[in-house]
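> Start from chain A and add chain B according to the hints.
Protein chains: 2
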Amino acid sequence: MPEPVEVKTTENSSKPEIGVTGRKIIYGKDGKPCRSCNSLLDFQFATAGMTKGAPVVPNVPSPKIKENQAVAAKKEKYNPYAKDIPPDVEVLGKSSWTLLHAIAATYPETPDDKKQRDMKQFLKLFGNFYPCWFCAEDFTRFMAKNEPKVETQDSLGRWLCDAHNEVNAKLGKPKFDCNLWKRRWKDGWEEED
Amino acid sequence: MPEPVEVKTTENSSKPEIGVTGRKIIYGKDGKPCRSCNSLLDFQFATAGMTKGAPVVPNVPSPKIKENQAVAAKKEKYNPYAKDIPPDVEVLGKSSWTLLHAIAATYPETPDDKKQRDMKQFLKLFGNFYPCWFCAEDFTRFMAKNEPKVETQDSLGRWLCDAHNEVNAKLGKPKFDCNLWKRRWKDGWEEED
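Chains as they are written, first to last, in the working numbering: chain A, 1 to 193; chain B, 1 to 193.
Some hints could be false.
Since the list can't tell identical chains apart, any single copy or any two copies may satisfy a pair.
Derived pair list, reagent style DSS-like, types lysine-lysine, alpha-carbon separation capped at 25 Å [unchecked claim]: (1) 175 / 83; (2) 175 / 24; (3) 186 / 94; (4) 15 / 29; (5) 29 / 170; (6) 94 / 83; (7) 173 / 24; (8) 124 / 24; (9) 15 / 124; (10) 186 / 173; (11) 124 / 149; (12) 124 / 94; (13) 32 / 94; (14) 186 / 24; (15) 83 / 173; (16) 83 / 186; (17) 182 / 83.
If you're looking for bench data, these hints aren't it; they were derived computationally from the structure.
Remember, it's a predicted structure, so these values are computed and weren't measured experimentally.
The following block holds chain A by itself, in its conformation from the complex (with noise of 0.2 Å):
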């Protein structure tokens, strides 16, 4: 969505402040990169630099970020405004498994009632006004066979993961195993998974 109004920086000057794409890198609470504010390309700038633990971040961008590079300047010349058309059952599915798994990823590791409440209204919410009305009926059965696990970060991710899941079996697709729904959805794979 939009670029940031104020830009929080760390103190830590030891941190990139702009990216290879030119871009601000935005940082979490947490001081580290925030993966759903920088687009990959700065994401992984931003972290190589800090993992190598020293203050110079790399001149160079390694294979993988050109690669990436190449991939965003492809992305650029698109033009999102040309007579594209409304998303199907699948491009709109896609699109909300993303959100809603990113949104688990983020939810606090220990929300606090109030916090709890709000997502389990927001989910119902969603049940409520998702366009496709059948996967709406639905998801709003399963919600009602499975209540949303609201209390902390990971009973989120994988009640979600369950929800999917339950998709995935009636579209003939392989299921995931809800053991890596954050490295899927929150902090990515190592090199030796």
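Same frame as chain A, but now just chain B:
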């Protein structure tokens, strides 16, 4: 999201029941093929059958349908669990706008008071839970200055279009003509557009 549990077909047998992908065609409460409930391919197939006003549906897919069929076949081979990484700010933004605009496209033309309150609440919670914190703050700020117009489907669609354009402007992207929001997010484009 899910497959239909209970397939609601209409009494009018002139409407195709099975799409070219082999899945059941899903219709909306208005009796028309539901765009957000079917794959693009099946939606086009069902719509083509109906707009001709004939009980016969095309046996030979049009070039456009063939083209989309090729795209669909290509998609089938894609494994969504091949260590995909968490969404960055751009993927998240695009996914979220897709969902929000599609929600506006199926919001009632004349919602009752409860529906209007629910939509306001949904947008507020969306702003609270959005994973990118600075985007969320920006969206919430926009809502504080520009109260969501939830009175009709058209007012909500235009309000969202305005919100999206505010972000487009910040990103240096072209603004979308909000008079055309229904073509982009609800009805699709006409040949003469």
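> Between copies, within a copy, both or neither: which fits residue 15 and residue 29 at Cα up to 25 Å?
within (14 Å within a copy, 54 Å between copies)
> How would you label the pair residue 83, residue 186 (within, between, both, or neither) given a Cα cut-off of 25 Å?
between (33 Å within a copy, 12 Å between copies)
> What label fits residue 32 with residue 94 when the C-alpha limit is 25 Å: within, between, both, or neither?
between (27 Å within a copy, 23 Å between copies)
> Between copies, within a copy, both or neither: which fits residue 175 and residue 24 at Cα up to 25 Å?
between (38 Å within a copy, 23 Å between copies)
> Up to 25 Å between alpha-carbons, please classify residue 173 paired with residue 24: within, between, both or neither.
Between. Shortest inter-copy distance 17 Å satisfies the 25 Å Cα cut-off; intra-copy 39 Å does not.
> How do residue 182 and residue 83 come out at 25 Å by Cα distance, when the copy is not named: within, between, both, or neither?
Close across copies (11 Å), not inside one copy (36 Å); limit 25 Å.
> Can you give me the call for residue 124 and residue 94, within, between, both or neither, at a CA distance of at most 25 Å?
Answer is both: 19 Å inside a copy and 23 Å across each meet the 25 Å cutoff.
> If the cut is 25 Å between Cα atoms, do residue 83 and residue 173 qualify within a copy, between copies, both or neither?
between (31 Å within a copy, 15 Å between copies)
> Checking an output row: residue 186 and residue 94, CA cutoff 25 Å. Within, between, both or neither?
both (17 Å within a copy, 18 Å between copies)
> First find the shortest C-alpha distance between residue 186 and residue 24 inside one copy, then the shortest across copies, and answer within, between, both or neither for a cut-off of 25 Å.
within (21 Å within a copy, 35 Å between copies)
> At most 25 Å between C-alpha atoms: does residue 186 with residue 173 qualify within a copy, between copies, both, or neither?
Within one copy, since 22 Å is at most 25 Å while 28 Å is not.
> Indicate which option fits the pair residue 124, residue 149 if close means a Cα-Cα distance not exceeding 25 Å: within, between, both or neither.
both (13 Å within a copy, 21 Å between copies)
Consistency with the previously given hints fails for numbers 8 and 9, ordered from lowest to highest.
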